[in-house]
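S.K.: Spelled out from the first residue to the last, the chains are:
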Amino acid sequence: MNGNELRNILLAAAGLGLAALLPLTGSGYLLSLGVTVAMYTVLATSWALFSGPTHYISLATGAFYGLGTYVVAVGIDTLPYPVLLLIAFVAGGVAAGLVGLATLRLSGVYFVIFTLGLAEMIRQLVTWVQNNWGSHRGLYVLTDITEEIIYWELLAAAALVYLVGWWINRSRLGFALRIIGNDEVVAAHCGINTARSKVLLFMVSGSVAALVGGLLAPRWTYIEPAIAFSAMLSFQVVIMALLGGASRLWGPLVGVIPFTLLWEVISGHFPNQTTLLLGVAFLLIVYVIPNGILGRLEQLYRAAREGAG
Amino acid sequence: MARDRTVLSVRGVSKRFGGLVAVSDMSFDVKEHQVMGLIGPNGSGKTTMMNLISGALRLSSGQISLQGSRISGLPAQEINRRGVARTFQLVRVLPTLSVFDNVIAGCAFGHRRRWGRDAEDHAHDILERVGLEAVALAPVSSLTYIDQKRLELARALASDPEILLLDEWLAGLNPTELQTGIELIKDLRADGRTIILVEHVMDAIRSLCDACVVMNSGAKIAEGSPGEVLADAEVIRAYLGDDDA
Ligand SMILES: Nc1ncnc2c1ncn2[C@@H]1O[C@H](COP(=O)(O)OP(=O)(O)OP(=O)(O)O)[C@@H](O)[C@H]1O
Ligand SMILES: [Mg+2]
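Residue numbers (our numbering), protein chains in the order written: chain A, 1 to 309; chain B, 310 to 554.
Errors might be hidden in some of the hints.
To be verified - Among the chain A residues that face chain B by a calculated CB cut under 7 Å, a handful are:
hint, residue
1, 168
2, 172
3, 186
4, 190
Unchecked claim - Partial list, derived from the structure: chain A residues whose beta carbon lies under 7 Å from chain B:
hint, residue
5, 12
6, 120
7, 179
8, 182
9, 188
10, 189
11, 192
12, 193
It should be emphasised that the hints constitute simulated quantities derived from the structure, not laboratory data.
Note that the Cβ used here is the ideal one computed from N, Cα and C, for glycine as well.
Given these sequences and hints, build the entire structure.
M.R.: So this is what it looks like as structure tokens:
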């Protein structure tokens, strides 16, 4: 660990500590905004762990998230909450592993379409099961877990994701993923088991998404498939991660904060225009900042330094 | 040092693409420390043969063994781990990685694995070897064509392979660069590396190869020392015939 890394870790810890103080403001509005920002930070960062280096665009976040939500909703009356979170985490990983094995040999476009269809497929499946065997269409999640606790749990999850991401970036696995993103044929000829590396990383992001779904379940007291398995969520996560920059660990955070705040303002004043925001952000990414805000900032910084030196 | 230990053996190997037979019933051996030239006119199947050895393509029939154990049918990464490394006819470097990391990529997962300090030291040695030490930290995009070729060679060498496959590594170089390139391969040869060299440059073949296999239309038409095969009537006809077409 060099001086730079130590500095980054200290900065991250300080930022996290500061963020943890948010509930002390006593504002329910700020807290609920904080939960949203923290949730998307965890989701977008873990999404970028896989998609950043490989350039595989996964639209499956909503599927894994919904899976986690349902694990908690189904088990809340029988098992302790922490155990359910663990089950959600494992279930997300297993689901991602299976999806990965089936699809990661597919080339880009087919992978995108399959992952998009996945959330819809699971949603239909859950609806069908509930209609046939369940007593209600939805499930009640009644706990005494407060918004503050959810917020702190999400911060802890964020810390975990950053640590895991930092570790992966330094590891041979992260290096292998970067090589795969450059040229998969060369990767294989360097001795890299390309399928295994991709599936492993995809499992990490699937587990985290399911965990987040589980953490958020108590926030909705009533859960039904249409809420839990949302395609919109998958799109938002992709847009935010790309907006910030998916090739750096803290890139997605830089996209999550402005996007969530804008989303909040727009959905407050023009509730029907949120899709428009999604579209505009998408155009911005494609035409103006293909490497994200962070990539653009790095570019400006380099230019300024060269100008000065 | 037993000079006649067989490193690679190719037996009755064929590759069909639909109706086209790109490689037809090829058999040959490569001995330890040998530099073997694989030559033939354009489209004769040399690159396809290399792809079959490295696992980039699956064979239609036949068998390829490395040091007595079968490698045909294994995926490319497994073949690389057993000790086959290669360069590509159309250069393939890793564009978003630094020159240095391109070399680390070669040794981190392959035949003789290295990671951390060990890998870094090794990468420096290899970059020095191929003459890229000065640009180690540069982005790949700033490299000239010959330097990209050197880098690909460095990456292949980094795993310390049992056999090295070079597909027209000297093609596209200007006369000065060509001399540098030939010297570099001579050095590898002096190190005792086992190499298969696909090449069109006759001077290089004469000065570098211990033995040659000549292909035409996917099949082997001659085998022997460079002097012998280049004087062979059928080989001359194959090359001239191709030139006329
Ligand atoms: N993936 C492929 N699919 C279909 N046909 C192929 C494929 N790869 C090669 N071929 C065909 O196989 C034949 C042999 O090609 P190959 O590239 O092996 O020749 P080569 O000896 O390397 O030629 P050159 O000296 O021009 O590099 C050619 O007719 C080529 O069109
Ligand atoms: Mg060729």
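S.K.: Of the numbered hints stated earlier in the document, which are not met by this structure?
M.R.: 1, 5, 6
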